[in-house]
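Since chain A is already given, all that's left is putting chain B on it; use the hints.
Protein chains in written order, with this note's numbering: chain A, 105 to 483; chain B, 105 to 483.
These aren't lab readings, by the way, just hints derived from the structure by calculation. Check before you lean on any hint, since a few could be wrong.
Any copy will do: because identical chains look the same in the list, a pair fits if it lies in one copy or spans two.
When the alpha-carbon atoms are kept at most 30 Å apart in a straight line, the in silico BS3-like pairs for lysine-lysine are as follows [said to hold, decoys possible]:
#1 K469 <-> K416
#2 K194 <-> K388
#3 K350 <-> K469
#4 K418 <-> K265
#5 K293 <-> K473
#6 K302 <-> K290
#7 K229 <-> K299
#8 K416 <-> K437
#9 K473 <-> K302
#10 K293 <-> K469
#11 K473 <-> K355
#12 K293 <-> K379
#13 K416 <-> K194
#14 K204 <-> K194
#15 K473 <-> K350
#16 K290 <-> K418
#17 K469 <-> K424
This structure is a prediction, so every number in the text was calculated from the model and none was measured.
Protein chains: 2
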Amino acid sequence: MLQRQLLPLRIVFFRKIKTVQLLKRCLDSVVPFFLAGVLFIPAVTVCAQTQPPIYQWRLAMSWPDGTPMLHNAAARFARNVEIMSGGRFKIIVDSPGRHKAPLSVLDMVRSGAYEMGHSASYYYKGKDPATTFFTTTPFGMNPTEMNAWYYYGGGLELLNKVYARHNVVAFPAGNTHIQMGGWFRKEIKSIQDLKGLKIRMPGHAGEVVGKAGMNPVSIPPGELYTALERGTIDAVEWVGPANDIKMGFHKIAPYYYTGWHEPGAEVHLFVNKPKFDALPDDLKAIVAIAAKEVSFDMLSESFYRNAIAWEKMKRQSNIKIRTLPDDVLDLFKQANDELLDRAAAKSQLAQEVVASQRAFLEKAKDWSKITDEDYLQLR
Amino acid sequence: MLQRQLLPLRIVFFRKIKTVQLLKRCLDSVVPFFLAGVLFIPAVTVCAQTQPPIYQWRLAMSWPDGTPMLHNAAARFARNVEIMSGGRFKIIVDSPGRHKAPLSVLDMVRSGAYEMGHSASYYYKGKDPATTFFTTTPFGMNPTEMNAWYYYGGGLELLNKVYARHNVVAFPAGNTHIQMGGWFRKEIKSIQDLKGLKIRMPGHAGEVVGKAGMNPVSIPPGELYTALERGTIDAVEWVGPANDIKMGFHKIAPYYYTGWHEPGAEVHLFVNKPKFDALPDDLKAIVAIAAKEVSFDMLSESFYRNAIAWEKMKRQSNIKIRTLPDDVLDLFKQANDELLDRAAAKSQLAQEVVASQRAFLEKAKDWSKITDEDYLQLR
Chain A
105 MLQRQLLPLR
115 IVFFRKIKTV
125 QLLKRCLDSV
135 VPFFLAGVLF
145 IPAVTVCAQT
155 QPPIYQWRLA
165 MSWPDGTPML
175 HNAAARFARN
185 VEIMSGGRFK
195 IIVDSPGRHK
205 APLSVLDMVR
215 SGAYEMGHSA
225 SYYYKGKDPA
235 TTFFTTTPFG
245 MNPTEMNAWY
255 YYGGGLELLN
265 KVYARHNVVA
275 FPAGNTHIQM
285 GGWFRKEIKS
295 IQDLKGLKIR
305 MPGHAGEVVG
315 KAGMNPVSIP
325 PGELYTALER
335 GTIDAVEWVG
345 PANDIKMGFH
355 KIAPYYYTGW
365 HEPGAEVHLF
375 VNKPKFDALP
385 DDLKAIVAIA
395 AKEVSFDMLS
405 ESFYRNAIAW
415 EKMKRQSNIK
425 IRTLPDDVLD
435 LFKQANDELL
445 DRAAAKSQLA
455 QEVVASQRAF
465 LEKAKDWSKI
475 TDEDYLQLR
Chain B
105 MLQRQLLPLR
115 IVFFRKIKTV
125 QLLKRCLDSV
135 VPFFLAGVLF
145 IPAVTVCAQT
155 QPPIYQWRLA
165 MSWPDGTPML
175 HNAAARFARN
185 VEIMSGGRFK
195 IIVDSPGRHK
205 APLSVLDMVR
215 SGAYEMGHSA
225 SYYYKGKDPA
235 TTFFTTTPFG
245 MNPTEMNAWY
255 YYGGGLELLN
265 KVYARHNVVA
275 FPAGNTHIQM
285 GGWFRKEIKS
295 IQDLKGLKIR
305 MPGHAGEVVG
315 KAGMNPVSIP
325 PGELYTALER
335 GTIDAVEWVG
345 PANDIKMGFH
355 KIAPYYYTGW
365 HEPGAEVHLF
375 VNKPKFDALP
385 DDLKAIVAIA
395 AKEVSFDMLS
405 ESFYRNAIAW
415 EKMKRQSNIK
425 IRTLPDDVLD
435 LFKQANDELL
445 DRAAAKSQLA
455 QEVVASQRAF
465 LEKAKDWSKI
475 TDEDYLQLR
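For reference, chain A alone in the conformation it holds in the complex (with noise of 0.2 Å):
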């Protein structure tokens, strides 16, 4: 039941109320008075004035035109600010068909090229190690853990302590919710199977299986599809239902493995810091907000069309469910432990990002596991 407690408030993230300028000084020369709870100045004043100045920024996305949800999610961040704002500050939104530089858009907004970007934190993490545990990482949290890290756990302050040595400001943006493990030609059965398997798995995860004895290559989206046909490769990790539907892997390898690599990818929102810093306080927590907005509704779309989109993949062929096996799992999370630790050694900075996820996922599955893993279980 919802319940009743002395607990102190919490701080929160923005406390200095400006009083809106423009309006006081005007404020001389008439009498304001209330109707219905609402405070009016008598129509016409003649007033001298700073009037506000209309802010136009670019946003950079790391994502092409129509990317389903992610796109979506810049799309939305922007037209939310430009209406909360009342049309004061408008954000065009550049794909990389126009800026070319998809994996750079951090190195636009920090360099101030573009005063926002739209992208995933672990894409850069040959520049900056410490910065490619704030998406996501293999076993780690899921999205209800991530946020509750995030804005109480200390997150975003470390978030913004990594991201304030690259000039940026960063938000949480945007999350994929869970993603599937990928397709396989073949059931894997055990550890065995596992030698030598050619899957499609880029990043952290690669490195993990490819520490295991699997062979993770690289092929172009586009070549995707006949390889896995022709049997070039073996398996292809690629989002969740509502991305794969269109490739149409569930037609030529029916084994879906669930999720254990991508458990809720976020993606960020960055902003070029001295650009942001000299933003209004009421533009600094509207662009706060949208994000936070974004970051949410993001994941209520991805949820959304995973789900509706995974009903019809169903109907479309018999897909086979499994999970990988034990021993597999195993030897899997010993290569991502020590994949991290070698990753967290690389800088003070990622070693306490690291640490700081570790402990509050030790709570968190504690948590996790007697309320959602029990509720989905019993319901």
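Same frame as chain A, now just chain B:
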């Protein structure tokens, strides 16, 4: 991985964008210029104009001052609206200590006595049977599923179809996360153990356990500890560790049952409809997005505080976590389905809400099973 494909953009909640009238009227006499992406208007201009009104509204919340999470959510919402509006929109939050009517918040907002309210929709089921399902349903959607339904599955539209009849615009505005099933003095091993068992469990869940043979009783919060200690009652359903820890139940009733009855209670912001409709578009958007932010934030805060309190509580005593046995759960499910059917039959709209939730839950369950549930088990 984060991927790329084509999909038409989703239409967002707010489409109309009003340009700043105030600014436009002053533009005739001056020459604006751009510098570093910011449009500047020369500092001092003389213009005849209407000043934007200052809104001073009052919000009645159902929870006493200092209620964990819930009061924070209402206060956070008010602060964020004030900051994002640059001080043009101030909201004073009143608790029942002042307005004396915690369960009549809807009436006060409907009549305009308060412009806004923060309350639980299911408190008003006596007034309108369709309101009850928007908070939570036993064996129903968890918060992630509920949010997907609200924002992408037609839930928000249904919510406002129901509340429009009460002269109110409603927004989801906070979630408790999955609640625990309560503290029991003795273990429940089968249906036989339910008979006559006295439990403090209010509302719909109380009716469910009542149908199943238990004896739901109503006892004032201040007397609960003593009643449980002396065995006047056998069990107490409260909220979750963050709220329960101060009540001390874990020291006298060692069995802590997992939850089935409130898998994430959503609370709502109510706004008097004519007053909301009369707001300018920027403030409408600020209210809607601040409510959504607080819905997300309270879920994160609830998860975090419960995870921390659970760890602390476990250290304080030897708590035995139990899930109700299958035969008991089956009996509760059956009783719940019958009660839902009966509630749905009370009005056309109630029927529509129940049908919409059940249809989405079927799809959501399948997707949650291979993502959230599977992931929490395998990691």
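Here is what the structure says about each hint:
1. K469 <-> K416: between (32 Å within a copy, 14 Å between copies)
2. K194 <-> K388: Both: 14 Å inside a copy, 18 Å across copies.
3. K350 <-> K469: between (34 Å within a copy, 23 Å between copies)
4. K418 <-> K265: So K418 and K265 fail the 30 Å test inside a copy (44 Å) and across (33 Å) alike.
5. K293 <-> K473: Answer is both: 26 Å inside a copy and 21 Å across each meet the 30 Å cutoff.
6. K302 <-> K290: within (12 Å within a copy, 55 Å between copies)
7. K229 <-> K299: Answer is within; shortest intra-copy Cα gap is 28 Å, inter-copy 60 Å.
8. K416 <-> K437: between (32 Å within a copy, 28 Å between copies)
9. K473 <-> K302: between (34 Å within a copy, 28 Å between copies)
10. K293 <-> K469: For K293 and K469, the Cα distance is within 30 Å both inside one copy (27 Å) and across copies (26 Å).
11. K473 <-> K355: Between copies, since 22 Å is at most 30 Å while 35 Å is not.
12. K293 <-> K379: neither (54 Å within a copy, 63 Å between copies)
13. K416 <-> K194: neither (38 Å within a copy, 47 Å between copies)
14. K204 <-> K194: within (22 Å within a copy, 44 Å between copies)
15. K473 <-> K350: Between. Shortest inter-copy distance 22 Å satisfies the 30 Å Cα cut-off; intra-copy 34 Å does not.
16. K290 <-> K418: Classified as within; 18 Å inside a copy, 44 Å across copies.
17. K469 <-> K424: For K469 and K424, the Cα distance is within 30 Å both inside one copy (28 Å) and across copies (17 Å).
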